[in-house]
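**Q** Top to bottom, those sequences are chains A and B. The opening position of the first sequence corresponds to residue 1406 in my numbering, with each subsequent residue numbered one higher. The opening position of the second sequence corresponds to residue 1406 in my numbering, with each subsequent residue numbered one higher.
Please note that the accuracy of each hint is not assured.
Which copy? The list can't say, so a pair holds if one copy fits it or any two copies do.
[To be verified] Below 20 Å or equal to it, Euclidean Cα-Cα: the simulated DMTMM-like pairs (lysine to aspartate or glutamate) are:
| no. | residue 1 | residue 2 |
| --- | --- | --- |
| 1 | 1558 | 1673 |
| 2 | 1650 | 1482 |
| 3 | 1786 | 1800 |
| 4 | 1410 | 1654 |
| 5 | 1735 | 1413 |
| 6 | 1653 | 1416 |
| 7 | 1712 | 1430 |
| 8 | 1465 | 1535 |
| 9 | 1704 | 1719 |
| 10 | 1712 | 1535 |
| 11 | 1497 | 1680 |
| 12 | 1592 | 1631 |
| 13 | 1679 | 1845 |
| 14 | 1465 | 1690 |
| 15 | 1650 | 1413 |
| 16 | 1734 | 1407 |
| 17 | 1786 | 1774 |
| 18 | 1731 | 1470 |
Bear in mind the hints are in silico, worked out from the structure with no lab data behind them.
2 protein chains.
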Amino acid sequence: MDTVKFEDVKETGLEVLPPSTSDGEEITFHGSIYRIRKMSDFAFVLIRTAREIVQTVYDKPVADEHGLNIDDYAEGDIVIVKGVTKHEERSKRGYDIVLYGMEKLGGITGEAPLVINKKQVDTSLSQLLDVRSYSLRNQYERSIFLIQEAIAKAFREHLQAEGFVEIHTPKIVSGNAEGGAEVFDLKYFDKDAFLSQSPQFYKQAMVGVFERVYEVGPVFRAEKHDTSRHLNEYTGLDFEMGFIKSYKDIINIEMGFFRHINEVLERDYPDAIKELNLKLPNVDEFAVITFTEAKELLKEKCKYNVKADVHDFEPEEEKKLCEWFKKNKKIDYVFVTEYPSDKRPFYAKDDDTNPGYSLSFDCLFRGLEITTGGQRINDYKEQVDKMVARGMNPDDFEDFLLIHKTGMPPHGGLGIGLERLTAQLIGFDNVRRCCLYPRDINRLRP
Amino acid sequence: MDTVKFEDVKETGLEVLPPSTSDGEEITFHGSIYRIRKMSDFAFVLIRTAREIVQTVYDKPVADEHGLNIDDYAEGDIVIVKGVTKHEERSKRGYDIVLYGMEKLGGITGEAPLVINKKQVDTSLSQLLDVRSYSLRNQYERSIFLIQEAIAKAFREHLQAEGFVEIHTPKIVSGNAEGGAEVFDLKYFDKDAFLSQSPQFYKQAMVGVFERVYEVGPVFRAEKHDTSRHLNEYTGLDFEMGFIKSYKDIINIEMGFFRHINEVLERDYPDAIKELNLKLPNVDEFAVITFTEAKELLKEKCKYNVKADVHDFEPEEEKKLCEWFKKNKKIDYVFVTEYPSDKRPFYAKDDDTNPGYSLSFDCLFRGLEITTGGQRINDYKEQVDKMVARGMNPDDFEDFLLIHKTGMPPHGGLGIGLERLTAQLIGFDNVRRCCLYPRDINRLRP
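Next comes chain A alone, as it looks inside the complex:
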């Protein structure tokens, strides 16, 4: 038995090599052998550490002296590395590490399923995902998820600074916020339940409590189409805010978030930016354009054959629109506002001054929709009437309508798919690259 005073607790922190040190200094660190490059009379041994690939030098005479033989080790071995520093101008840290000892803690049993120690893993997406736990050990591949971490961090930091409270809402639900058949059913003991398609009802309710709330959590969509931009489970970045003057207040918060992504990346993730050759988007200027204007622009400026009376965009239209703004205005983030009401959900607020249109918006980024948002109905009667007009039964939404019945301020919010935003930021054409373990209609493993 032991009581431990906190002052005696040693937390280790992440092991990081010092940026410079004097000649002949002993250095110990851990990692796994990423690559052994044998030259004529020496070898480079690359060690994959928690964040970077560290190059060490195997100099046979030095190693021999300490009984170290590189032939006793293989790529993939988990090792504690001992070396001495040797001044070297051209090295990133100002020194080379000359090996004199290695202790093996583990390694590969049998054959490795893939070659991971090239710049990128040279295989099909399907194979990359099949052995995901291994392929992510590639330096390029794992850097993707540092970019993703940066985005989630920027989201939280920005919203906290703007006075939003973090919430955790249930994923097993009895009601279905987004409608449609695209929902996973579930037996919840003796009841029928669903997996949550979005925290919509709950985040609106929490506006009545905290005024401004956000959530980072999983979202489930049983969509049957197998496309490069859909996942059946993704991480939603959601926020909702009260006492707005218009949906533009929501867009303003999102612009601030986009700007903060760049700031966080530049502040905390320079190595990942470099590894992925990231081109940070323009966050000094944004486009805000109504749906009607956007269709006009596609017709007039892009000479696109826009179909009459279509109340949404074709993927090709989203692409053309973004291309136009990029080319003519150097703008990356394009907000399209005031969509036709019939394509938006039943909780979207309509524009009194423009019948048939809603106070909603999407954000397009490099050719793809990454956000859907808008002002919501806050008045009880207005919400009930809209439900009835859509053939819905308000009695099925008793829990949701309680908030309208007990008073809600004008409010609205948005949802962003983390994986899709990551993919667009890096420039991948398949969102699966930006999900650790993607779920699609054919993939439930690993």
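Following the hints, complete the assembly by docking chain B onto the known chain A.
**A** The following block gives chain B in isolation, referenced to the frame of chain A:
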């Protein structure tokens, strides 16, 4: 169409009243009317804002001058409030706000389902949860979730500082990490799937990638017992770390987290601490005691009738143990280590020097287990052998075993239930109080 320069974007931030201002200054803010307390010749009108209850004064002569009649308003009304400041020593801000105008944006339709404007809501837990979206508008009730936010924030801040990477792992899974029947089944298109009982497999895999990882996300347990300390869906705080020397490295990180909870609460949440009358736990000293020693202590010092050969604790034993440490050592957090192996999961690493025991631990806090953690098996053969010894088929765990097969460092981690930790910190005897929308065997709504 519009392009918006970021420099012109006005983000509003959360509306907060200035701490002091000169006499006769005009003030506008928004909220909902929490309570109207009519006195003989004036009234106090309490406004519930995003974070606090602000008292204003309705002085009839002043109000009359501006055509404001308090009888036109009701508790629950959503309002924009206009007032002038009046110097007042005893007021928290140094001034009273004398009302001269109110604009109503919404209000209660029909009757309110509960009285929420007392110190605490005077009703049954069941009713409190039935109209959760409304009952959370009570100042005491909503403060609980600021404490919860503080805990999650402390977790992320601490782990980020210690070099952990945030991950998002799938909740729809094909394998079952924690075993047993306590799992929710799900039809995933044409496949059989489950809801994740913990990110165990995935976080272990990510140690092979990032060395240190954490996740904050939902965890699903189909436990049929309806107790005050279980939820069927809760928010898990999970981390996992590589290259540990022993499970004590994990405990050390957790001690740092507990300490940081206090720091974050004191730094950012003084009002919530006050509202809930929170007694912060001792984070200068912790207890670390083996399972065997703990049973001995219960027998010898607590005179508890410890049953022979029981390889776990009864709830009553956990309570007694915590009481003893609190009373005799002023210690709140008690780590019990080296549990009998047969009560721990198949991925737990056994103690070579003490057969039958595992290198695992629980953390008890104020009478309840809030953490389970430990070192995991990193060797491939050792993991396969343990599975076989338990009658499991290693072929069913191909995806999981890939990490052992391709090399893993010694590693371990832990999981914490956010709601339970919040409840223990505040001192509630039912964990449901600390979940926005709890799910239990009888409750799937709201």
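**Q** Honestly, which of those hints from before does the structure not fit?
**A** 7, 8, 10, 13, 14, 17 and 18
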